[in-house]
Amino acid sequence: MDYSRAPLADRLAAEFVLGTLRGPARRRFDNLLPAHPALRAAVARWQDALVPLAASVKPVTPSPRVWKGIEERLFAERRAANETPSAPQRWWQTVLPWRAATGFATAAALALGVALTIPKPAQPPVLVVLAPSDAAASVALQNAKFVASVSADGRGLVLRPVDALAMDPQRALELWAVPGQGAPRSLGLVAADGATKVIRTELLRNTAAFAVSLEPAGGSPTGAPTGPIISVGKLDT
Amino acid sequence: MATSASSSAQRADALGALLARVSLGDRAAFATLYQQTAAHLLGVILRINTDRGQAEDLLQEIFVKIWGAAGSFDAQRAQPMTWLTSIARHRAIDSLRRRQTEPQWVTARASLDDGEDDDVLDQMPSEAAGPMELLGQAVQARAVGVCMKGLSGEQQQTLALAFYQGLSHSEVADQLRQPLGTVKSWVRRGLLSLRACLERAGAIDAVGV
Chain A
4 MDYSRAPLAD
14 RLAAEFVLGT
24 LRGPARRRFD
34 NLLPAHPALR
44 AAVARWQDAL
54 VPLAASVKPV
64 TPSPRVWKGI
74 EERLFAERRA
84 ANETPSAPQR
94 WWQTVLPWRA
104 ATGFATAAAL
114 ALGVALTIPK
124 PAQPPVLVVL
134 APSDAAASVA
144 LQNAKFVASV
154 SADGRGLVLR
164 PVDALAMDPQ
174 RALELWAVPG
184 QGAPRSLGLV
194 AADGATKVIR
204 TELLRNTAAF
214 AVSLEPAGGS
224 PTGAPTGPII
234 SVGKLDT
Chain B
24 MATSASSSAQ
34 RADALGALLA
44 RVSLGDRAAF
54 ATLYQQTAAH
64 LLGVILRINT
74 DRGQAEDLLQ
84 EIFVKIWGAA
94 GSFDAQRAQP
104 MTWLTSIARH
114 RAIDSLRRRQ
124 TEPQWVTARA
134 SLDDGEDDDV
144 LDQMPSEAAG
154 PMELLGQAVQ
164 ARAVGVCMKG
174 LSGEQQQTLA
184 LAFYQGLSHS
194 EVADQLRQPL
204 GTVKSWVRRG
214 LLSLRACLER
224 AGAIDAVGV
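These protein sequences, in sequence, are chains A and B.
Reading the first sequence from the start, the letters are residues 4 to 240 in the working numbering.
Reading the second sequence from the start, the letters are residues 24 to 232 in the working numbering.
Treat the hints loosely; a few may be bogus.
Stated by the list, open to error - Derived pair list, reagent style DSSO-like, types lysine-lysine, alpha-carbon separation capped at 27 Å:
| no. | chain 1 | residue 1 | chain 2 | residue 2 |
| --- | --- | --- | --- | --- |
| 1 | A | Lys71 | B | Lys172 |
| 2 | A | Lys61 | A | Lys71 |
| 3 | B | Lys172 | B | Lys207 |
| 4 | B | Lys207 | A | Lys71 |
| 5 | A | Lys61 | B | Lys172 |
Derived from the structure by calculation, the hints contain no laboratory data.
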């Protein structure tokens with residue numbers, strides 16, 4: 004790191020957060036952020052310092068048209084079927100490209116079939132591929148792909164990362180069963196570099212998708228995902 | 024004191040959990056997040072862009088952005104309300120590009136000379152709890168409020184005008200009828216002193232540069 008540049012970057016970050024950095028300089032700085040983690044970290048530190056000043060600002064109730072407008076932009080039924088509003092809905096659809104890679108899925112199933120020690124049910128296991136989310140790249144886990152093989156009776160799941168993931172030792176990966184509505188259910192911590200077996204009773208019931216989040220070591224302290232969701236795989240219905 | 028800090032931390036956790044569910048496409052969680060935070064964010068935006076119509080349009084854009092960006096929120100790295108408010112302030116400041124061509128925004132405000140600088144300073148977080156706990160920011164807000172009071176009057180004035188009203192250096196200089204260089208120096212030193220105070224208080228992490 005260039006020592007002489009760090010104080011300047013820090014001062015720009017402070018003025019960016021405060022709001023005194025304006026015009027072309029502000030736009031340039033803003034454009035630099037996605038590619039410069041050190042700058043983003045400096046901005047985050049100044050946000051932690053300054054933004055709580057806003058806690059004393061009196062709230063002003065928005066008029067009802069604001070929420071109506073938000074709903075219309077994001078959720079209106081008259082949208083074309085293939086038009087996706089933004090990132091979260093896109094993730095549900097990231098399963099589609101993976102469906103095309105049937106050879107991959109079969110190989111994965113074979114590999115997992117050997118690893119499974121729960122009794123093979125008469126029905127084939129349900130395979131779910133979890134693809135990396137947009138958030139994964141921001142925590143250097145852009146290769147966060149997993150395959151989950153769930154026994155058809157919903158009593159066992161084996162999760163395996165496609166590539167071993169390099170993890171910060173202070174963080175852990177936690178697996179969630181995500182219902183269509185309501186809070187995700189934790190299925191516990193999962194390995195970043197090998198298979199994890201999860202034994203439950205009804206893994207498939209009321210589950211629309213599986214997701215992996217990045218949590219502190221030991222898992223979420225709150226029972227809900229607290230870190231970025233790095234990988235999501237939707238169950239075919 | 025301990026009670027309000029822990030209930031504030033619980034609020035922060037609850038907001039973080041909502042953001043995680045939003046990132047998974049949970050519309051009900053998104054509606055709840057809006058109910059709990061939109062009024063606060065509109066208040067913040069209105070102090071920067073005083074046009075109600077523009078401010079409400081900005082609020083709409085901000086929540087559309089939150090829907091898409093919720094997946095990048097990391098509760099280990101940031102406070103939910105800081106994250107949300109930063110998005111709102113950033114958009115509001117960007118909307119001010121147009122303001123330079125509309126001189127009407129300049130209204131009579133307190134200057135350093137007439138002894139009414141308390142107006143702006145009163146706006147800073149005080150010891151009173153309530154709203155700051157609701158937003159999960161009681162501890163951080165009290166810390167920055169205390170640290171601000173440790174700055175010189177001029178530094179507090181300039182930082183408050185820049186932060187709350189989104190004034191640029193030259194706008195602050197016009198407002199206070201002070202030279203531009205003087206204002207820049209107050210801002211720069213004020214920021215450094217503020218952060219040193221927060222680091223000493225353990226409110227933010229010290230950084231080895």
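Hints, one by one, checked against the model:
Between the alpha carbons of A/Lys71 and B/Lys172 the distance comes to roughly 41 Å, so the proposed pair goes past 27 Å and is violated. For the proposed pair A/Lys61 and A/Lys71, the alpha carbon gap of about 23 Å is at most 27 Å, so the pair holds. Between B/Lys172 and B/Lys207 the CA atoms are separated by roughly 19 Å; this keeps the pair inside 27 Å, and the hint holds. With a C-alpha separation of about 42 Å, the suggested pair B/Lys207 and A/Lys71 falls outside the 27 Å cut-off, and the hint is violated.
Under the criterion of a C-alpha separation no larger than 27 Å, the hint pairing A/Lys61 with B/Lys172 is consistent with the structure, at around 20 Å.
Violated hints, listed in ascending order, are 1, 4; each of the other numbered hints is respected by the structure.
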